[in-house]
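Residue strings, one per chain:
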Amino acid sequence: MFKRHPLLRAIVIFIECWLIAITAMVIIYFAWLRDWQMNWGASTEETTRYMAGDELLENPTLNATRAVKIKATPEQIWPWIVQMGYKRAGFYGFDKMDNAGIPSAEQIIPEYQNLQVGDSLSFLQVVEMEPNKSMLWVFFKWAGPWGNATWSWGLYKIDDEHTKLVSRLRQNYSFNSFQEIITWPLMDVCEIFMMRTSMLGIKHRVEGG
Amino acid sequence: MTDDNNTAIPEYKIKTFRWLFYISLLQLLVFFTVPILIYPAKLLLYGLILAALTVGVIFALFFLFVNIYGLFVDKNRKPLYIIMVILMSGWITWSVISWLWIEHMDYILR
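Chains as they are written, first to last, in the working numbering: chain P, 234 to 442; chain X, 2 to 111.
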């Protein structure tokens with residue numbers, strides 16, 4: 234009787250379809266998509282190579298190394314990275330989400346070029362810096378679930394005209410609060426959208442596209 | 002004894018499918034009320050676009066498959082399902098293009 238009513242039968246089919254779809258999405262994500270997105274654009278050498286801050290977090294749950302090839306020298310890319318930050322030059326990504334709606338800079342801003350180790354970039358702190366080569370940001374403890382996460386940037390010269398820009402984000406997930414239970418699965422899947430956009434935003438600006 | 006007896010789809014199955022179509026359509030409409038509730042008026046359009054390009058794509062895919070199935074099950078409403086398939090395909094294509102060339106999509110970034 235229950236199964237013969239078209240509406241009830243449709244609801245059962247609807248729920249079954251979603252269960253199948255969610256199971257398929259989880260399997261596809263962990264079997265293939267996660268590895269691909271966590272290492273987007275990066276070679277095996279780049280994902281395994283040491284980067285600043287690696288020693289701060291051992292065996293992180295989130296260990297994302299992304300890379301993009303830019304037609305420029307490290308010296309031409311560096312000023313764009315140095316000036317990044319909330320309410321500074323932005324993150325060259327989704328300005329309404331990560332820069333209070335202020336458009337990310339389209340040019341190099343001289344007053345943001347003298348960044349020093351120890352400087353604060355809102356919820357991030359500059360911990361290591363080697364001009365034209367690498368920079369390490371660590372999230373402040375108070376930055377919610379991101380507290381203590383490390384975000385490293387590296388510039389690796391390929392030839393006289395090309396450089397590989399590499400970003401590595403590392404964090405250990407914990408599920409001690411409702412906020413973290415909600416945050417981590419979402420961030421694991423969605424963080425690539427922001428990081429990729431940011432890195433392509435840098436490439437786009439440096440290459441003058 | 003005609004072939005129609007073999008190929009005819011039971012009325013019950015068509016009715017069930019139509020309910021499935023309405024539930025899936027309702028799901029899509031409810032999904033778009035979420036950004037309306039959480040984004041301030043100033044950011045509403047931005048919120049809707051982001052929702053459509055992220056989680057919305059999954060709902061669009063779901064509705065696309067429902068409509069493709071409808072083409073075979075409910076032949077009397079074929080034109081409606083064709084229109085929906087075109088709309089959903091357009092939505093999915095738009096999101097794929099947007100993410101492929103995100104650095105040029107100023108309407109999402111700014």
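Simulated from the structure, these hints should not be mistaken for lab results.
Where hints are given, some of them may not hold.
[Claimed, not checked] Ranges between beta-carbon positions, derived for each pair:
hint : chain 1 : residue 1 : chain 2 : residue 2 : range
1    : P       : A376      : X       : K76       : 51 to 59 Å
2    : X       : D107      : P       : H238      : 49 to 57 Å
3    : X       : L101      : P       : L241      : 21 to 29 Å
4    : X       : I10       : P       : N296      : 49 to 57 Å
Where is the CB? At the ideal position from N, CA and C, for every residue including glycine.
Comparing the hints with the structure gives:
1. The hinted window of 51 to 59 Å between P:A376 and X:K76 holds, with their beta carbons roughly 57 Å apart.
2. Between X:D107 and P:H238 the Cβ separation comes to about 50 Å, which falls inside the hinted range of 49 to 57 Å.
3. For X:L101 and P:L241, the hinted distance range of 21 to 29 Å is not satisfied, since their beta carbons lie about 42 Å from each other.
4. Checking the proposed 49 to 57 Å range against X:I10 and P:N296 shows it holds: the Cβ atoms sit about 52 Å from each other.
Violation of the numbered hints given earlier is confined to hint 3; every other hint is satisfied by the structure.
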